[in-house]
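Take a look at the letters that make up each chain.
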Amino acid sequence: MGNCCSDNNGGGWSAVGGSHNNILTTGATVNETVDFFLKSRGYQGLFAQIELSFSATNLRDRDVLSKSDPMVVFYSKGRDGKLEELGRTEVVLNSLNPVWITKYVITYQFEVVQNLVFHVYDVDTQFHNVPVKMLKLDEQQFLGESSCALSQIVTKPTRTLTLSLVSREEFNQMDRPQGIGELTVHAEECIGSKTMTEMILRCSDIEYKDLFSKSDPFLVISKIVESGDPIPVCKTEVKKNDLNPTWKPLCLNIQQVGSKDSPLLIQCFNFNSNGRHDLIGEVQKSLGDLEKLQHNEHGENLFLPTVVGHSYQNKVLKSRLFVDKFSESVQNTFLDYIAGGCELNFMVAIDFTASNGNSRLPDSLHYIDPSGRPNAYQKAILEVGEVLQFYDTDKRFPAWGFGARPIDGPVSHCFNLNGSNYQCEVEGIQGIMTAYASALRNVSLAGPTLFGPVISNAAIIASQALASNQQKYFILLIITDGVITDLQETKDALVKASDLPLSILIVGVGGADFKEMEVLDADKGERLESTAGRIASRDIVQFVPFRDVQNGEILIVQSLLAELPLQFLTYMRQRNIHPQN
Amino acid sequence: MEKSSAAARSLEVTIISAENLRMNHRSIKKNAFVTLETDPSNSQSTIMDCAGGSYPSWNEKFELTLPYNLRYIRLEVKCKTATGVKTIGSVNIPISDFLEDFIPPSCLHYLSYRLRERDGDRNGIINLSIRMKGADNYVPRPLPSMRVQTGYRNSNACRSMPPTGIHQTAYNNTGGIAMGIPVSKGNQEFGVKEPTR
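Top line first, the protein sequences correspond to chains A and B.
Here the first sequence is numbered in full-length UniProt numbering, starting from 1 and rising by one per residue.
Here the second sequence is numbered in full-length UniProt numbering, starting from 1 and rising by one per residue.
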């Protein structure tokens, strides 16, 4: 993504020039644009603004003459268990069933488990004139606390989660845990993140910038932040040798630019392969202005800031910017599907090839440390599973192994991790861990490393859900230590699986050279092609090497999961599938 | 293997779009269209795309009857130029790609194919969707890969069989493992390499 002019290299259906009213193709364009935006801003994956609101019932009455005056303080809990205060609600007077008005906007990230902790306090009358931010919490009476993960709220169909408040340990002897009320947290996705605008931009009479040919123009649209600096939001493709270019449709999320009235800087550059693109001209317009331009079919002259003496002057150019199409639509977001009951089903496949090393020896990748420190395989399962389990209601996960010889049998390239002959599913993340440990004791490591059978089995499960009309999306995590021997067969299986509600995460453990695996991850190269010339209809693979970087593993898992919501949305939008309810 | 009668089978094919079409190594400007044929006497074509350049889109739906012995559908992407209609590239789509796929033929299949020029050179990509009509009771042949899974111990504690499809067997019953991937099995017989007619 670093190259400012890389054309559609996404694995989805590349943007189709001049396509109008076409949901199938706009989906991919949106994803690429959004993706670019997120990456350019340092956000790796989907993020959505979520507004939290709070209410409570049956709080304890701590005041003598009146009822409690409650307030909620909410925290995020880091991986180290440390609480960081996010905000406080106002104090509701005299109520045991308060509904707080203060809302809190939080950024939802799919790839991280965002733990929230809520503390409810009774604020004494003497403090009622103190702003809530200034209140000293240890002077207030504690009414109870509760915690949850943000993903638990957003996966509820009503996006509302009711939590029982518990008291701190010192109160335990006096109060039964049930008796101290309930806190209800509601999450609402901000409308801005759902509204998409699609535009087709065109320029006329662009000036010559290249010596021997016509200019190679492209547009960069930036929003202007409070400090006055422009931040790039999206860009078009490069039109080679074109003085009257019409670019492919651009999609912008209202939230990306702030609002319809926020000023946007539209700059037209001449592409230079050395990366120093010359500015041809620029114009400043808000989305609302662009809509008017389209309505009036009027062109806007570009200008070029030029230095005259000590001051800047804007030289008005003959080149003009036109808006050929402007449309707004509210699109279903990832969270709409999730709240509509679409589940993400997690599946795991583990590499049992001999290259991992004898699992009884500490230098093996499969070595299970008696001290309980997880090995690389266990770490990958735990960290990916921790995030995904919230999106899978029955928490029954198919788990397989490959590349090993079961007791006096031939090498199997897909065996059930729990050893059962009929049932590949295990209960919960802990079930995967138990099945993994038991498989290690019962199979002998062999080879070669084949992915094809595992992918085909995952594809069968995904197709069964599809055939029975269930709205489900499947995620297969393959953890491997080596380069695959069946690269072409794997590609063939992946191409075929690209038509299914399935994404595949591949984690490479150990020190092998994983260059070949990068080929499977279509966002690093071309779309996958099978031997027969069939092409993957979208990118379904995400690969990361899971090296033992100190403190770095979390980020690795995040980058692995970050692309999932986009792959999910590409699938749903390509097929015009809407959320249930 | 076909359960439904040959006469009842018809296909709904939507030609969606194409990507990166080239002629003589240069991106085409306009006027691309697609012809579909099940046999030389039975062909239909899309309208010409004017706006999309080398990334044309059509979104045009066709109904094709599917003769019993048909093995592939042929698509040709053509372009009208000043000197006449030229073929950019073509592809033969094996019907096994949607008849013997993971998902039932009656579900919408989104398929993409590499176009090949007459001399076999790679050209752009074509995107289409296919759904089979009147195939509700069509039962596809079980894929070979459905026999892959085994347990690693010979357990008596069997749960009930999963509802459909997966015939998981103990390794000692299969006496071996099915390593082949079914994906390209059908395609290799009548894939795009077949000489153009």
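Hints listed in this document are in silico derivations from the structure and should not be mistaken for laboratory results.
Nothing here was measured: the structure is a model prediction, and the numbers come from that model.
Some hints here could point you the wrong way.
To be verified - A few chain B positions that, by computed beta-carbon distances, are all more than 10 Å from chain A:
1. K78
2. P94
3. I95
4. P104
5. R114
6. R116
7. N127
Said to hold, decoys possible - Distance condition first, Cα-Cα at most 27 Å in a straight line; then the derived DSSO-like pairs of lysine-lysine:
8. A:K194 / A:K223
9. B:K29 / A:K325
10. B:K30 / A:K240
11. A:K292 / A:K318
Ideal placement from N, C-alpha and C gives every residue a C-beta, glycine not left out.
Here's how the hints hold up against the structure:
Taking the minimum C-beta to C-beta distance to chain A, about 18 Å, the non-interface status of K78 (chain B) holds against the 10 Å cut. The non-interface label for P94 (chain B) is inconsistent with chain A: the shortest C-beta to C-beta separation is roughly 7 Å, within 10 Å. Every C-beta of chain A lies more than 10 Å from that of I95 (chain B), the closest at about 13 Å, which supports listing it as non-interface. Its beta-carbon lying about 5 Å from the closest one in chain A, P104 (chain B) breaks the requirement of being farther than 10 Å from that chain.
Residue placement check: R114 (chain B) does not keep its beta carbon more than 10 Å from all beta carbons of chain A (closest about 4 Å). The claim that R116 (chain B) lies off the interface is violated: its Cβ sits roughly 7 Å from the closest Cβ of chain A, which falls inside the 10 Å cut-off. With 10 Å as the threshold on Cβ separation, the claim that N127 (chain B) sits away from chain A is violated: the shortest Cβ distance comes to roughly 6 Å. For the given pair, K194 (chain A) sits about 18 Å from K223 (chain A) by alpha-carbon distance, which is consistent with the 27 Å threshold.
Only pairs whose Cα atoms come within 27 Å are accepted, and K29 (chain B) paired with K325 (chain A) is accepted, the gap being roughly 21 Å. A hinted pair counts as satisfied when its Cα atoms are at most 27 Å apart, and K30 (chain B) with K240 (chain A) qualifies at roughly 16 Å. Using a Cα cut-off of 27 Å, the hinted pair K292 (chain A) and K318 (chain A) holds, with the two alpha carbons roughly 20 Å apart.
Comparing the model with each earlier hint shows violations of hints 2, 4, 5, 6, 7; every other hint is respected.
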